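Spelled out, the chains give:
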Amino acid sequence: MSAAFLNTLEVMANGLMAGVLYALVALGFVLIYKASGIFNYAQGVMALFAALTLVGIMEGQVPFSHLINAVLGTDVHHFGWHLPALVGIVLTIAIMVLFAWFVQQVIFKHLVGQEPIILFMATIGLAYFMEGFGDMMWGSDIKTLNVGLPQGGSFAIEDITRTWAAEGERYYGMYIDNLDMIATMVAAVLVGALVLFSQYTKQGRAMRAVADDHQAALSVGINLNFIWVLVWSLAGFVALVAGIMWGAKSGVQFSLSLIALKALPVLMLGGFTSIPGAIVGGLIIGVGEKLFEFWIGPLVGGATENWFAYVLALLFLVFRPQGLFGEKIIERV
Amino acid sequence: MNEMSSEEGYFTADGRKIGGVLMEMKNITLRFGGVKAITDISFDIREGEIRAIIGPNGAGKSSMLNVISGFYIPQEGEVWYKGAPRPQMKPYEVAQQGIARTFQNIALFEGMTVLDNVMTGRLNHMKTGLFAQALWKGKAEAEEVANREVAEKVIDFLEIQHIRKTPVARLPYGLKKRVELARALAVQPSLLLLDEPMAGMNVEEKEDMSRFILDVNDEFGTTIALIEHDMGVVMDLSDRVVVMDYGKKIGDGTPDEVRNNQDVIDAYLGVAHD
Ligand SMILES: Nc1ncnc2c1ncn2[C@@H]1O[C@H](COP(=O)(O)OP(=O)(O)OP(=O)(O)O)[C@@H](O)[C@H]1O
Ligand SMILES: [Mg+2]
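So the protein lines, in turn, are chains Z and B.
Residue 33 in numbering that gives the first Met the number 0 sits at position 34 of the first sequence; the count goes up by one each step and never skips.
Residue 165 in numbering that gives the first Met the number 0 sits at position 166 of the second sequence; the count goes up by one each step and never skips.
Among the clues, some could well be false.
Said to hold, decoys possible - If you want a taste of the chain Z side facing chain B, the calculated C-beta under 10 Å gives, among others:
| # | residue |
| --- | --- |
| 1 | Tyr199 |
| 2 | Thr200 |
| 3 | Arg204 |
| 4 | Ala205 |
| 5 | Ala208 |
| 6 | Gln214 |
| 7 | Ala216 |
| 8 | Leu217 |
| 9 | Ser218 |
| 10 | Ile221 |
| 11 | Asn222 |
| 12 | Leu223 |
| 13 | Asn224 |
The hints are simulated quantities; they were obtained by calculation from the structure and are not laboratory data.
Please read all numbers here as calculations on a predicted model, not as lab measurements.
All C-beta atoms, glycine included, are put in the ideal place defined by N, C-alpha and C.
Chain Z on its own, in the form it takes in the complex (with noise of 0.2 Å):
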């Protein structure tokens, strides 16, 4: 193989990668989207609540402890202990199901049959709620997430391919990030799970019910509250696992926030209510602007990453507007 064929596997497979993290997030969006008819703004910052709940936890830092100070005249910052990832991440996992409990009970319990644009709101304010109360709970400084996942590029890998290059070509091997590889593989065993709960189990049958009628799923004995409790949980997982990811990658901190916006893309790609569409949508708007930026960033300057998703994903509107897996819609005159 050709150095230039490589090069561009290697691209590829990085973005298959980020693809895979991508749909990740966009799951979070459509697990809430489909049960709720919600268009949850604040997935973004609930990776990034998650996170810096994962972190002051392991770290053993004492949340609120800037206005337990101001108010007690206390000094208090760490109970001094610092926790495995495992015990973090469970311990996390609880928080995040109490804060689904939380939001449906005292939130959208009240809003039900509202108009969309009003849950729209609803979660516009709580992001911005969330945003603040995570700062006040752990604090606005840039934390560094380190769960024991290997950092830097895979050896392995860069053997392997060394050798695919064919005899003379000047070819150092593939760098693949150790870190993106799991998190690749845990969105893909996460996803493959998610898939399996909502086609095999009692719960997610009943998920699949109330996404597609509410009446009639309580006319079965379906509890909707629970089940709305249970997607929001599941959304709040999902983000955990996002915020793992990025936040091991690039320190916890507000921008994490952000990656809700590289999930916007893949929703208008893939539909807001399919779950294989979330996928593929993520897979290839991963793949798509990573070879963008490698074959005509170049010509262009560079920084095509930052606008591509949404270009390719508005051409993707315009011609197939119920995403890639939606069916199509035709208004009944």
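Place chain B with the ligands on chain Z using the hints.
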């Protein structure tokens, strides 16, 4: 043919057993803002009977069914079920008590197949918890098989085997009505509520549906309360009839009694709001 006063019930002319009171509505009043949809109505439903609610458009029939199934909460009155007053309940809680229903405007899971729709009727019979489902596959599978059997039986019974795997959205109206009935039957309900099961059907479909309703009641002894516009159909099907007009009860009794009731005749012929 009947001795309504006896608690232990009676046998109908065609030999079906009608038992004691299963559900009793006591002085139900339901308002929507200024509109009184139901005014001080009382009646009961006995075990094993087919009870009809009839009346002109806007009489409050669907509202009454919605009160029974918990979708509407009456301002006044009590609902008694199985001999005890029922506390205020959410629709899903009522459903979990074994009260299944269909809707006047059909509420199916349009994106699912017929079989999946019918299987949702079994959701409350699935007891295995979430973790058990993941960890103890055998038990979950046995339960799934048992529930699947019930669903398939219902599908056979209603003669919709040929569309088992068809997404509901593709079905014609008449078949959708039948699938909705199938889903309700899969619940194996103690009380089945049908809101205009024959509306919008052609004559042949109506005959089929009538036969199914009679067969369900006969074979499984299911208590059925149904709403119907058409007097003729109701007279053939039901053991007892409640007649409503403008939110009030204007008649209650056997089809013969109701047919000869002057108020009922007036409501159906005199007033031009049907
Ligand atoms: N959710 C609601 N909100 C406001 N008014 C309602 C509601 N449901 C029913 N009503 C009113 O209550 C009255 C009775 O309606 P209902 O649907 O119970 O009548 P119905 O006997 O089922 O009529 P039809 O034969 O047309 O189905 C009507 O005036 C209707 O407009
Ligand atoms: Mg009605």
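Evaluated hints:
Interface restraint check for Tyr199 of chain Z: the shortest CB-CB distance to chain B comes to about 8 Å, inside 10 Å, so the restraint holds. This hint holds: Thr200 of chain Z has a C-beta 5 Å from the nearest C-beta of chain B, less than the 10 Å allowed. The criterion of a C-beta within 10 Å of any C-beta in chain B is met by Arg204 of chain Z, whose closest approach is roughly 6 Å, and the hint holds. Interface restraint check for Ala205 of chain Z: the shortest CB-CB distance to chain B comes to about 6 Å, inside 10 Å, so the restraint holds.
Taking 10 Å as the C-beta cut-off, the interface hint given for Ala208 of chain Z holds, the closest approach to chain B being about 5 Å. Annotation: interface hint on Gln214 of chain Z holds; nearest CB of chain B at approximately 4 Å, less than 10 Å. Checking Ala216 of chain Z against chain B: minimum C-beta separation of about 8 Å stays under 10 Å; hint holds. With a least beta-carbon distance of about 4 Å to chain B, the hint placing Leu217 of chain Z at the interface is held under the 10 Å criterion.
Satisfaction of the interface hint for Ser218 of chain Z is found here, the shortest Cβ-Cβ separation to chain B being roughly 5 Å, below the 10 Å cut-off. Annotation: interface hint on Ile221 of chain Z holds; nearest CB of chain B at approximately 6 Å, less than 10 Å. The interface hint given for Asn222 of chain Z holds, since its Cβ lies 5 Å from the closest Cβ of chain B, which is under the 10 Å cut-off. At a threshold of 10 Å, the smallest CB-CB gap from Leu223 of chain Z to chain B is about 7 Å, leaving the interface hint in force.
With a least beta-carbon distance of about 9 Å to chain B, the hint placing Asn224 of chain Z at the interface is held under the 10 Å criterion.
Every hint, counting from the list given before, is met by this structure.
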